[in-house]
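Oh and the sequence shown: position 159 is 564 in our numbering, straight run, nothing missing.
Some hints here could point you the wrong way.
What the hints assert, rightly or not - Listed next, the in silico DSS-like pairs over lysine-lysine satisfying Cα-Cα at most 30 Å (straight line):
hint, residue 1, residue 2
1, Lys704, Lys411
2, Lys752, Lys860
3, Lys623, Lys752
4, Lys623, Lys704
5, Lys415, Lys921
6, Lys411, Lys882
7, Lys412, Lys860
8, Lys921, Lys417
9, Lys412, Lys921
10, Lys896, Lys882
Unchecked claim - For each label pair, taking beta carbons as the anchor points, the in silico distance ranges come out as:
hint, residue 1, residue 2, range
11, Arg552, Lys415, 26 to 36 Å
12, Gly947, Gln894, 47 to 57 Å
13, Val792, Glu580, 22 to 32 Å
14, Gln620, Asp557, 32 to 42 Å
15, Arg808, Glu642, 34 to 44 Å
16, Pro793, Gly947, 18 to 28 Å
17, Glu438, Gly558, 46 to 56 Å
18, Gln955, Asp545, 40 to 50 Å
19, Glu642, Ser456, 20 to 30 Å
20, Lys411, Lys651, 31 to 41 Å
21, Gln955, Lys886, 37 to 47 Å
Hints are computed from structural coordinates only; laboratory data are not their basis. Just so it is clear, the structure is predicted and the values come from calculations on it, not from any experiment. Cβ coordinates follow ideal geometry from the N, Cα and C atoms, glycine included.
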Amino acid sequence: MVESLKKNPKWKGREGPVVLVIMDGVGYGAYKEGDAVLAADMRHFRALEASCPTTRLKAHGTAVGLPSDEDMGNSEVGHNAIGCGRVFAQGARLVNLSIETGAMFEGRVWRELIAWAQQHDGTLHFMGLFSDGNVHSHIDHLRAMLRRAVQDGIKKARIHILLDGRDVGSQSALEYVLPFEQFLAELNAGGVDYRIASGGGRQYITMDRYGANWQMVKRGWDCHVRGIGRRFASAEEAIRTYREEKPGIIDQDIPEFVIEEHGEPVGTIQDGDSVVFFNFRGDRALEITAAFEQDQFDKFDRVVRPKVYYAGMMQYDGDLQVPTNYLVSPPAIDRTMGEYLAATGLKTLAISETQKYGHVTYFFNGNRSGKFSDTLEDYIEIPSDRVPFEQRPWMKCAEITDRVIAAIESGEYAFIRLNYPNGDMVGHTGVFQAVVCGMEAMDIQLGRLAQAVEKAGGVLVLSADHGNSDDMFEHDKKTGKVVLDADGQPKAKTSHSLNPVPCVIYDPEYKGEYRKELREGLGISSLAATCIELLGYLPPEGYDPSVLQQ
């Protein structure tokens, strides 16, 4: 438990609430071409940006706990940093260290995975996002585990690949599959039998989140476990065939495929096998984990549930202790902003639609399920549409805003945090027109929020967790020119950017309590101390500094 926050003797706060708006995936682009934020008519945002205290914040790499500044930020680590006010070493960095030191392979779970497969004459399976995007997983982690499995005497391993096309190039799958097949051939030359067994696009099978579409998980289960899916001789053949049949299809949407030999799947998951889900990020790992681990499971008919030793790369939910077994311990995030506000007796609201609901709750609270106070915290989830985001680029930003304005007008809340997913979820589609539409839809809602905050005498803080919609075209790293596809059109970029994000403070009741020039060079972890100061309190010891200057 934490102590209550101390009042700031120089700052009493405002009559109305502090409203933190996380414009998911909205940054400042490095290039004019492909910057959907710049291309959009965002008159409300730009009016606030031009008239209010403003700065730019870092939202990637070491500023959010990732291994290097070449690593793009993501919503999970971003909301962790915003919510806890500090930077913790995050998934990729922790896994890298565990592999480098050998701690992963010396740990109980790895040894039990190996022992279970050997004792039952079983297969060691690896399942996860198959790229080096370093957001959910990294292919180098998979390679390291396979090398170690050879050393530990595992004769048979099967890999179930979830194609990316989102955190990396939209049609880059073969850039990973072909070298990996060569890597497996080199391992197999030593007398083992290691093969790709099944796969499909991450937005089509297995990697659903927040219960948005359990049919994705069912398709993955049927494919990986039961061997149900279109059959091919190799992953390369599957990818090339789907691309020929569906011109323009991006990797994340490729249907499931099963690799067969002599008319039979080469690697279904069966009794006596061991299974590693090698994603280190938790949101898209929880549902397939539940299918493997839960005795009482009603989301779909599993038909068969093989008796396996299942482990995740990391613990995906610390409160629920999921999964039971994991290879690397996650960061122990404590003393979050939400916990301090509850201890201080301040009532708060967290709200988003399904796609980002867990980010303003679970991740914002330091990977903690549940509330710190049932009486002082309200959570609202607006159900997301179950259609491709490019078909509904406005998403649920209007409905979110309706509820937030009602909350502001109620006078109940001291602090409100919300997430508009448009810039990220629509940004991942790679459809530029849709992203521009999504930005403009969100901007209309920013105008409504600003009016409500002004009327209530509150403060509006606009920021983001990472960039995405600001960088929608691939650019040549040397020349900066737009990369064209086979049709001569700009090649879509579907991954996050490395760009800074906004921090705009709209404070209609400003009376000179702080300087209008905000600090520069800070990361998004500074938002916690900023909001606490705007509420009229002193930030906790050890928090990264506020953007406000006295």
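In ascending order, which of the hints set out earlier in this document are inconsistent with the structure?
1, 3, 6, 11, 15, 16, 19, 20
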